[in-house]
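If you read the protein sequences in the order shown, they are chains A and B. Per our numbering, residue 26 is the first one in the first sequence, and the count goes up by one each step. Per our numbering, residue -17 is the first one in the second sequence, and the count goes up by one each step.
Among the clues, some could well be false.
[Stated by the list, open to error] Here chain B is said to cover these stretches of chain A; the calculated rule only asks that three of the stretch's residues, wherever they fall, bring their Cβ under 8 Å from a Cβ of chain B:
1. 78 to 87
2. 134 to 143
[To be verified] Each computed DSS-like pair below joins lysine-lysine, with the alpha-carbon atoms no more than 27 Å apart:
3. A:K81 - B:K124
4. A:K81 - B:K294
5. A:K87 - B:K470
6. B:K291 - A:K91
7. B:K327 - A:K91
8. B:K131 - A:K87
9. B:K291 - A:K87
10. B:K124 - A:K87
11. A:K91 - B:K131
12. A:K91 - B:K169
13. B:K169 - B:K334
14. A:K87 - B:K169
15. B:K291 - A:K81
16. B:K278 - A:K81
These aren't lab readings, by the way, just hints derived from the structure by calculation. Where a beta carbon is used, it is the ideal one built from N, C-alpha and C, also for glycine.
What follows is each chain in one-letter form.
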Amino acid sequence: MRHIISVLLENESGALSRVSGLFSSRGYNIESLTVAPTNDSTLSRMTIVTTGDDRKIDQIEKQLNKLVDVAALQDITIAGHLEREVVLVKISVLDEQIDTLKRIVKSFNASISDVSPNKFIVEMSGSCEKVDELLSSLQNGDIIEMVRSGAIGLASGEETLSIPCQID
Amino acid sequence: MQLTGADIVVKSLKEEGVEYVFGYPGGAALHIYDAFHRQDDVQHILVRHEQGATHAADGYARSTGECGVVLVTSGPGITNAITGIATAYMDSIPMVVLSGQVMKPLIGYDAFQEIDAVGISRPCVKHNFLIQDVNDIASTIKKAFHIAKTGRPGPVLVDIPKDITADVAEFLYPQDLTMRSYPAPRKALPNEIVIAVEAMLSAKKPIIYAGGGIVAASAQEPLRDMVSKLGFPCTNTLMGLGAVAHSDPNFIGMLGMHGTYEANMAMHDADLIIALGARFDDRITGTLHNFAPDAKILHVDIDPSVIDKNIKADIPIVADVKEVLIAFNNELTRREKDINPELLKEWWRQIKQWQSLDSLWYEVDDKVIKPQFVVQKLHEVTGGQAYVTSDVGQHQMFAAQFYGFSDTHRWINSGGLGTMGFGLPAAMGVKFAHRDADVVCVTGEGSIQMCIQELATCKQYDLPVKVINLNNRYLGMVRQWQEFSYEKRYSNSYMDSLPDFIALSEAYGHVGMQITKPSDVEGALKEAFAMKDRLVFMDFITDQQENVYPMIEAGKGHHEMRMRPGSKTLA
Ligand SMILES: Cc1ncc(C[n+]2csc(CCOP(=O)(O)OP(=O)(O)O)c2C)c(N)n1
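Please put together the full structure from these sequences, using the hints given.
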């Protein structure tokens, strides 16, 4: 099954390589991995999308937790959550294709964010599934290059990811 | 007090109570070496190869429970140390490794002797640091020791650029430490203890399976207390030998690939496996698909990640095994009247029957020396009280099977990584910690040559360890696998051109002996151990074709052991 794991990571040099190294050395899948600073300057937040049965996911979480730089983690797939991914697609279009493209863009709530002669960059943010759908709709056009940000997400409602208070 | 970074390093080690640092100098570490020269609180031991430094620190750590400390230079210094760091990592041994690094402005420019120490060590350390500022040295070293020693122990690397060891800062060793991302280990809940003890009291075919975690937690006392309260059969892993004394009637031998028949059969047939500080690794379980089909698994470990990793636990308890054992014992005392030895009668009858096969038997020979015989005599001559290190191969298994350990911290071997070359330097580290004890390295002619240069260190520091070389002129364990699985195609397992070990030992300033007749074994051992202040290298010319039995072969379950040909069978 597909899981989205959010990790609060100490903003230390090498922290990212510890996480990515863990995944490669133990043979865990990474579908995507994103990391960026948070409102707390000492912490980064990483979002890992991975797949595996319950036992594998349990191991992934335990092994991540063992890393000294991991401050907290949460499998946000378990409860309700909001998932987003940004995609940019550069396509070349002939004049007669422009209308079709605009229709597709509109139906996905996407936008054309960069325009140059016969080359458009389409931008969309949505769930990873939505991104997949957009890409398959654009399949017939001439995709020159594309980039996906990888998923990010937050659990909805009361559920939050924060550092557990240390009780001594 | 304003000090240089190098002095801060050494002073921090002193604050941690470090007695010995095992190391080897080089450019990037020279300021630190100069600081060692200015003091005599912490003694630096000069080895002959950085691998030797890590194994020596490791032997020191395993025999004392303290943290071993290593100092090496950048580049080849740290790469040479990696094997020893990985060895400590696989066996969860507390160790702090300090490595010099090229100056900060040169990092990333392929400077002379630059290597990414943090990157290259990452898969085999519990944690590592690259210090960026002289003001961080003391607190980083404090953290390194804390991480190495607490929770599931392990090696921690601290990489220190050379310019930082020349910078000056105020020295103040921190007293407290806050690491929000490294919380204290979990404690067991009262309810978990009650449930676990309930399972013990109703078990009809229980077995206690105790591993290296008992050694790491120094939990042998409460373990023995529990074993005697319950009267359960108990097996130790290769890493846990000595946790329950070999002479204890409840001890049914080591388990796993070369464990006893009775220990492996009891694991297979058990209705309750009580795993204490053990991790169900593949050398223990054999194939997993028919592992202990009827057993409920009670698994206690400080590391949550070992729970459910290989074998699913029915009753998991994540906590310090010593604390858990004490809690078990309290609960067992409370419920003393519910302990019913009658329940175990049939189980013990079955175990005794398995034991009657005497699965470790071997043919005694009066012409050629059997390696097992040497180890048995070694036990007698040392009164079973020696610290025994070993290398990796058949001799390691013979030592484990036949020495008979009465206590923890006495059996020192590379169980997880299986590092040939470990034995001699590890014995040096043990000897530093236990000057008056007998320290023995049981080795093979293959393994000993992997760190033989440390004989010079033994000379320099007067370390009268005894080397027991079980010389079968083969990479014996490899030869055994080739005999069993490759139709005796002995590809590259024969050691041609062995050195004259007597001459070699003498060249290093030690005593060498060669023993070729079984009748000379005991006398030679006595003679060697009588030389209290000399290193004696004893080259025993042993049976070339001897194999380690019994054995769980690849792809087999632990109830399908291969026995020595000619073994008794059960009626
Ligand atoms: C560094 C290293 N290289 C290779 C091996 C694989 N290996 C395991 S046992 C063994 C043979 C050891 O031979 P020896 O030291 O003579 O001991 P014996 O088995 O003959 O007792 C080898 C090569 C290893 N464990 N470690």
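Taking the hints in turn, this is what the structure says about them:
1. Figure legend: the stretch 78 to 87 of chain A, annotated as covered by chain B; annotation consistent (4 residues with Cβ-Cβ distances under 8 Å, at least 3 required).
2. For the stretch 134 to 143 of chain A, the assignment as covered by chain B is violated, since 0 residues bring a beta-carbon within under 8 Å of that chain's beta-carbons and 3 are needed.
3. The hinted pair formed by K81 (chain A) and K124 (chain B) fails the criterion: a straight-line CA distance of about 34 Å is larger than 27 Å.
4. The straight-line distance between the Cα atoms of K81 (chain A) and K294 (chain B) is roughly 12 Å, inside the 27 Å bound, and the hint therefore holds.
5. Distance check on the hinted pair: K87 (chain A) and K470 (chain B) sit about 44 Å apart at the alpha-carbon level, beyond 27 Å; violated.
6. Restraint check for K291 (chain B) and K91 (chain A): satisfied, since their Cα atoms lie roughly 14 Å apart, inside the 27 Å limit.
7. Pair hint K327 (chain B) plus K91 (chain A) does not hold up; C-alpha atoms about 43 Å apart against a cutoff of 27 Å.
8. For the given pair, K131 (chain B) sits about 20 Å from K87 (chain A) by alpha-carbon distance, which is consistent with the 27 Å threshold.
9. Proximity of K291 (chain B) to K87 (chain A) is assessed by CA-CA distance (about 10 Å); at most 27 Å being required, the pair is judged to hold.
10. For the suggested pair K124 (chain B) and K87 (chain A), the alpha carbons sit about 25 Å apart, so the restraint of at most 27 Å is met.
11. A C-alpha spacing of about 15 Å is found between K91 (chain A) and K131 (chain B), which places the hinted pair at or below 27 Å, so the restraint holds.
12. As the CA atoms of K91 (chain A) and K169 (chain B) are separated by approximately 16 Å, the hinted pair is consistent with the 27 Å bound.
13. Restraint check for K169 (chain B) and K334 (chain B): the C-alpha separation of about 37 Å exceeds 27 Å, so the hint is violated.
14. Taking the CA atoms of K87 (chain A) and K169 (chain B), the gap is near 17 Å; set against the 27 Å cutoff, the hint holds.
15. Simply put, K291 (chain B) and K81 (chain A) have alpha-carbon atoms about 9 Å apart, close enough for the 27 Å limit, and the pair holds.
16. The straight-line distance between the Cα atoms of K278 (chain B) and K81 (chain A) is roughly 21 Å, inside the 27 Å bound, and the hint therefore holds.
Going down the numbered hints, you'll see the structure goes against 2, 3, 5, 7 and 13, while the others check out.
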